[in-house]
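K.L.:
Put together the whole structure using the sequences plus the hints.
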Amino acid sequence: MKRKNAVAFAAVCAGLSLLTACGSGSSGGTGTSNNTAGAAAYNAGLNNVVNPSTKAGGTLNYALSNTPDSTDPGNTYYALMWNFSRLYARPLLTFKSAPGADGLKLIPGLATGLGKTSADGLTWTYTIQSGLKFEDGSAITTKDVKYAIERSTNYAPSVLPNGPTYFQQYLTDPTYPGAYKDTTPDKMGLKGIDTPNDTTIVFHLQHPFADFDYLVTNPQTAPVPPAKDTGSNYQTHPMSSGPYMFSTYDPNKGFTLVKNPQWSASSDPNDKQLVNTINVAFNVQAADIDSRLLNGSLDVDMDGTGVQTAARARILGNKALQVKADDATTGFLYYAALNTQVAPLNNVDCRKAIMYAVNKTTQQTAYGGPIAGGDIASTVLPPTVSGYQRADQYAATSQPNGDTAKAKSALQACGQPNGFSINIAARGDRPKEVSAAQGIQEALAQVGIKAQIQQYPTGSYYSTYAGVPNFVHQHDLGIILGGWGADWPDGFGFLSQIVDGRAIKAAGNSNLQEENNPQVNQLLDKATQTSDATARNKIYAQIDQIVMSDATILPEVYSKALLYRSPNVTNAFVTEAYGMYDYTQLGKA
Amino acid sequence: MITFIVRRLLGAVLMLLVVSMVTFAVFFLVPRIAGQTTDQLATQYVGRNPSVTQIHAMEVKLGLDQPIYVQYGRFLKGIVAGADYDAGPDRTHCPAPCFGYSFKNQQPVWPQMLSALPVTGSLAIGAAILWLVTGVGIGVLSALKRGSIFDRTAMSAALAGVSLPIFFTALLSLAIFRDSVPLFPDAGNFIPFSESPGRWAEALVLPWVTLAFLYAALYARLTRAGMLETMNEDFIRTARAKGLSERKVVVKHGLRATLTPIVTIFGLDLGLLVGGAILTETAFSLPGLGRFAVNAITNQDLPEILGVTLLAGFFVVLANLIVDVLYAVVDPRVRY
Amino acid sequence: MAAPLEPLDLASPASEPGPGEPAGGTAIQGRSLAEIAWTRLKRDRWALAGGVVIVLFVVIAVASVFLKSAGVLDISTYHTDLIDHNTDKPLGFFGGLSLSHPFGVDPQYGRDMLSRVLVGSQYSLLIAFTATVISVVIGVVMGVVAGYFGGWVDTVINWLMNVFLAFPLLLFAIALTGVVQGTNSAFGLSGDALHITVLVFVIGFFNWPYIGRIIRGQTLSLREREFVDAARSLGARGFYVLWHELLPNLVGPILVYATLLIPTNILFEAALDFLGVGLKLPTPSWGAMLADAVTNQYYSIDPEYILVPGLAIFVSVMAFNLLGDGLRDALDPRSH
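These protein sequences, in sequence, are chains A, B and C.
Here my numbering is used: the first residue of the first sequence is 12, the next is one more, and so on.
Here my numbering is used: the first residue of the second sequence is 4, the next is one more, and so on.
Here my numbering is used: the first residue of the third sequence is 749, the next is one more, and so on.
Hints are computed from structural coordinates only; laboratory data are not their basis.
A couple of the hints might just be wrong.
Unchecked claim - Think about it this way: if two alpha-carbon atoms lie no more than 27 Å apart in a straight line, the pair counts; the simulated BS3-like pairs of lysine-lysine are: (1) K198/A - K64/B; (2) K283/A - K330/A; (3) K127/A - K116/A; (4) K154/A - K127/A; (5) K144/A - K202/A; (6) K144/A - K154/A; (7) K790/C - K148/B; (8) K239/A - K270/A; (9) K549/A - K127/A; (10) K461/A - K816/C; (11) K516/A - K64/B; (12) K192/A - K127/A; (13) K154/A - K270/A; (14) K154/A - K264/A; (15) K192/A - K64/B; (16) K270/A - K107/A; (17) K239/A - K144/A; (18) K239/A - K64/B.
Just so you know, these numbers come straight off a predicted model, no measurement behind them.
P.N.:
Given below as structure tokens:
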């Protein structure tokens, strides 16, 4: 009965899709939460495990449209790799493998429980399970965890450049030269971490940091045995601590994982070891991935960013396909940064003029429409990030086509009644972003602002162009398009890199709008020292509101992705931690 | 003969050297002309939040701080004698021919290219057989039946064939034969021949046909033109006058004279394709050298770009060399 | 891959002056040859059709410049009310055909396709023409100099052409245009102007050896002709002979190969767009529209969107090929 309802709903949904009534809204347009677990229905994978099964055996085929930044757990910043690497590299803590909001809960990985912090908040202590083994049968100790952090991007960026560097920022001894230049005999020279015995690890912080448990979910805390570390070649065969281990690796074609015989389900109740082999193919065209997914010769689109336009049209136009799709919230915000240093946008009213003038509907369409693109955004924090509070200072949702009158009076206020000229920066190889830039260009033209689109390659967008303030100023890049996802799903993880004035860098800058409001900086510091979660979330909401008043971030959409859930796959659901299917759970039907 | 071959070999090596120099210079200079500093170049390879010291360390590690001739010298030395690289815990040796380590994935370039080669090779050779047979066959028939319906139809199709962008035909074939009528659901999903010849062929049928369609059109036009010209030559008239059967005239005399230049062109085409059938590989996402090259370029990965350009140049030069030598064997006058 | 810039069709032997047939003659003979060629061309209906289509395209391209500034052709206004926001697909029949939008609208934006495809002809033709001019100028100068002066000059130029031919052309073009993409102003240009200039130079600069080789061959054979000897014996100096005696006789082959190079260049430009390193939206170039259809896979949900620019490319390329073929036949005395 319930199942019938769900199907009927899907049919209505397809019919109404033109009116954008379905799939939008905070509920995710589902109504499937009361759906029986396991049935395939549209959005069933958001709140239920679809095709639950304990069937073992078979081969799962993944494909990726590019190559991952690295398969080395110490050297990756891709959400898909943080999700996937848990199959062979278990961090201290991880996110619970469960659909819905439960997926944001932290649970022990190697550790036996969450971290214990001292009264002054300056140390965090973890205990790991005893008797854990690497794939070669050698014991896993906390020394291997400490070594893994010592060798990671935090301290050895010239060898492993790609990962985040939070440990280096927060732990004491920030000038530690990294494991490869460590001259102590056992290479345990980092003073910021102690390993009093083989199962205990203690982190020493420079300042209290309430979110520390989130940091140790990073694959950088997955153990690496010093004797087996081959530096930049380690990615070809990381020593497995999880249910699978590497059998082949080709940097351009992909890799194969097989079962790790040393892994035991009893020590790792969160992960599953169902299929015999996992194949990952690199560099497959996105459109090809879709076609192969739909015809069944491929099981998982590893990118986890949703199907492309053609497949989207096929899925939304076909009920039989639609029940195999999930419209997942990715936790990403797509936005236009309005640079505070480029004239005339150094005047807040000129920025407000843009905030009002832009047609949010065309922005939404540019990113893929209400279902595949996402909901029109009106705040910096997306709804899945804790700290989000509903607000709409510029009538983005109530007047989605833009408010020309208000834009014009803002232009008056900033002394540019006839408009001005400005450049828009976008990544030329991201068609959605270029579409968004065209939409902004067209909307601004209607209030007399002449915008020219400048396109740059994604690979060096942050390092050489949009992320280099000098370049931005010289080329009048007043409007810079970008997307941002949290490194961990709370306000600090989302905001710290993009609104903190002290995070502005000469290159590789993520604070594209160069927001440097002392009030915001202070509030961020206050949040890290506030241990009460509710109080913390209030601070994040306050920061969000200030940034919106500064009119430096023009939110476009809270990103969504239309994921296709192949019927070949068992135990499929979307983990909210990464906004894609939980790769640790999948089996083959 | 030996001196001829040696001379040609030396010429080929010299040519490759020049190709490598020009490529190196262009990729060294163009970003700098476009206003990038070595700092900015290095920034691309140090992750998301690099500090100034990290950037500088990467600059030194990649050798970007060195003058152009030092960098080029290192590159050549690596190819001839191998090189040592800092992999972190120790220095790994990269044996000759060492095309350096990729800036992006920090893996040696040479094995990556070797693993892409069979894909491109399979694509190029399969397509080559197909277009040679159909293209030349149709060309000869068209020439012999000049003005017939067959000739007109074939030549119109050939003209259409050379006028259509290859990625357009590629996408069309995918849309039809994989997505609408799934005859080849696994098109483009390369499986090595040694693993499963059947699936190898299945993945490649569409790319073969697409690529061969373009070249067959070209070869049909070429063969027809060549054949028509040959059939007007004196020696054909002589052969006919001798009373040879028309069949013999066509096959023994006409075809032979027509095919010699075609084979030359064929050699060069094949050389060029083995170096990377960029558009076809991109359209079908085949993980061959062409795709490798495009990825290298999007990632601005200099060692990879240099490696693949040089390898592609090598195949062209090699094809030239083989064609030259074969010519010299067939026709001793060429050796002058 | 060689396909989109396939030079070999140009190397068709049909135009080599045959033994015993004067390829040209004195000025008077030259004029008469032109007359003969014209009479022949007039009889070749297909070539004429090609010519008419080309003229039509040129008229459209020029007219669209004025129509756009007059506001008759509107390439930028969004008609989002004509679009399904979830699939980007234009509402209505076949890409949203209607009286106000006879070619429909483009997916996602709803901009008028007729305006865009007409204005787009500017880009394709401009780039293809100018690139061809560059190739022809360099190729003719190099070819004539090499063929006429011979000796070490010939050796050097010939070798240079071989080096160029050994370069993986498309690869190099992608890499070069890709690097320049990153800067939005260089050489005093910015935006579209910069990208068009880069495209023109890259395409033009890499294609000259094909023309160069042919012209060199023609010059070599002309050099030994009586009329050149006669001019020399009358005391004419090198450049006088080049300009007044050789060049007029090269006009025929230059015309033919230039006509055949233009369609290759149209395809080349489209290929660069397809690979994401050429012109990009919102610039309404045909290649950019195809690239958009490819990257967003509109080709399978809105076939009209790929057919319009695809057919525009196909028809213009075909027209140039037809005219080129016709010219070649008309100028080649033996072909009838």
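K.L.:
With reference to the structure, classify each hint as holding or not holding.
P.N.:
Hints and how they fare:
| no. | hint | result |
| --- | --- | --- |
| 1 | K198/A - K64/B | holds (22 Å) |
| 2 | K283/A - K330/A | violated (31 Å) |
| 3 | K127/A - K116/A | holds (16 Å) |
| 4 | K154/A - K127/A | holds (19 Å) |
| 5 | K144/A - K202/A | holds (26 Å) |
| 6 | K144/A - K154/A | holds (13 Å) |
| 7 | K790/C - K148/B | holds (24 Å) |
| 8 | K239/A - K270/A | holds (19 Å) |
| 9 | K549/A - K127/A | holds (24 Å) |
| 10 | K461/A - K816/C | holds (18 Å) |
| 11 | K516/A - K64/B | holds (22 Å) |
| 12 | K192/A - K127/A | violated (31 Å) |
| 13 | K154/A - K270/A | holds (25 Å) |
| 14 | K154/A - K264/A | violated (34 Å) |
| 15 | K192/A - K64/B | holds (14 Å) |
| 16 | K270/A - K107/A | holds (22 Å) |
| 17 | K239/A - K144/A | holds (14 Å) |
| 18 | K239/A - K64/B | holds (23 Å) |
Checked against the numbered hints listed earlier, the structure breaks hints 2, 12 and 14; every other hint is satisfied.
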